[in-house]
Amino acid sequence: MSALSPSRQPRSITSRLSTFFHNNPTLTLLLLLAAPLLWLGVIYLGSLGALLLQSFYRLDDFTGIVVREFTLDTYRQLFTQSNLDIVARTVAMAAAVTVACALLAFPISFYMARYASPAGKVAFFIAVTLPLWSSYLVRVYAWKLILAKEGVVGWIFGALGLQGVLDAVLAVPTIGGPSLSVSMYGTFFAFVYVWLPYMIIPTYTALERVPGSMLEASADLGARPVETFRRVILPLAMPGVIAGSIFTFSLTLGDYIIPGVLGNSAFFIGQVVLIQQGTAGNIPLAAAFTVVPMVIMFVYLWIAGRMGAFEAL
Amino acid sequence: MFTPTRRARPFTARAPFGLKLLVGLVLLFLYCPFGIILLYSFTTEETAFTFPPPGLTADWYRVALFDRPDIYPPLLLSIQVALVATFIALILGSLIAFAISRTRFFGREAITFLVILPIALPGIITGISLRSAFGLFGIDFSFWTIVIGHATFCIVVVYNNVVARLRRTAKSQTEASADLGANSLQTLRYILLPVIGTALLAGGMLAFALSFDEVIVTTFTAGQQNTLPIWIYSQLSRPRQRPVTNVVAVFVIAITFIPIFLAQRLTQDTND
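Protein chains in written order, with the numbering used here: chain B, 1 to 313; chain C, 1 to 272.
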């Protein structure tokens, strides 16, 4: 009753405060958002901006000091052949990893969405997300043990008498190497492994939303399962796959641990950034290099957004 | 013509064997690295990891526990950083979730985008931009520089959990609360906080796990300090007592698996 007759009783401070908030939604919103926006908008975006700014500075080759004047020299340096090779290699790896993740993620997502019981879905969901959250570094390290010359994979090939096949695979120029753990294969396997859950979850979410009645309708209209799959399920799953690809692609673009731990000595973008800002002390070039994945990801996010990927996240 | 006999179910009620086999292989792929880590924490070899291990011993657990004091300071630092970063993320993440779910306003999409950005962009970008900002403003590396980096990418985890829960909370509940004379603070206290309680707990535990083993951003914001993942990373290139690294890895897996597992159970109703 007090809400209807506010003047009859003395109102507490909290109550008055509450009314004030209710009557001033904009102010309430600002109060709610002040701290988070300060953090993400000022600290985070500010840092990103500062980084972008520094890519327009240059390093004086003689003194080794960063010259704080606007110049495009650093970007000119970025577009040299060897640097473009690094960008191309990283993007190609990110694309390959994304495709492999999508192919591996689909069957398990499909099984989870179509065939698993409700309890089974929960169990699968936990089983898929546990590795995702657990130590990234430890999992990369595990692959080093698995792919090492004397490791599990080598042992399996040896036991099956397929040593020759392994040797032939490793002999492929540019992507091969002395053992799986020091070749592009190692880099590729580790990337696919660590990012796979990022692909499974959105794919599963998208498939889960496909109503069973729609599949029945498709069958009623005479579509064989293969057609239903190709013309109903696949298009509806695509936003999920694209949402997952945002992660697999972006995370591969910026990673420097995996190519360092498992790979031949061919550089990836992340490693160059690390070296340029660390031992080389060339922050402008490091900054210019980070602009590459940033630009690629903004374009990617824009396209993904247009294809409806954000609803599937 | 309608012929009921031709009306086959689009997909059989039971999964085809081939699909089950693929699912099994993918699960094996996801979990075999953990088995390998565990296996090699018992190997008798100190410098190499041949398969199968020549012998098994539990002695490395004793060594890690008593003979390697270098493990403890990074462990302590990682726990402290994770706790503080989680705390900050809990507050900021739920504030954004409340703001986003209660009102539609100009710039709402931009804010959700901003929250996702720290994990959508490669970690190295967050790391190097924070590092260069610290450099520009002459801020020395400290406990807090690590925390700033971690909290930034932990916010989204809390936000996601809380916003999903608020979305599922029927508006009628808060309206009923208001109709019964509760002011908005009382509604917050008696309706909203209990509703998001487990989502907060889950988000917090995920944020903790995320922070506890983060290495990419940390490399840029830690300076000379060692968190546990940085310690592990430095051990990878050092051949001495290799199985000890595995023992620590097993420990890290255990300490992150538990909160993640609990978090998933707490939010399973929001996830499905």
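Hints may be right or wrong, so weigh each one.
Chain B stretches covered by chain C per the calculated footprint, using a threshold of three residues with CB under 8 Å from any CB of chain C [said to hold, decoys possible]:
(1) 19–25
(2) 130–136
(3) 168–177
If you're looking for bench data, these hints aren't it; they were derived computationally from the structure. Every residue, glycine too, gets a C-beta built ideally from N, C-alpha and C.
Tested hints:
For the stretch 19–25 of chain B, the stated coverage by chain C holds: 4 residues have a C-beta nearer than 8 Å to a C-beta of that chain, and at least 3 were required. Counting residues of the stretch 130–136 of chain B whose beta carbon lies closer than 8 Å to any beta carbon of chain C gives 6, which meets the minimum of three for the stated coverage. With a cut-off of 8 Å between beta carbons, the stretch 168–177 of chain B has 0 residues touching chain C; three or more are needed, and the interface restraint is violated.
Going down the numbered hints, you'll see the structure goes against just number 3.
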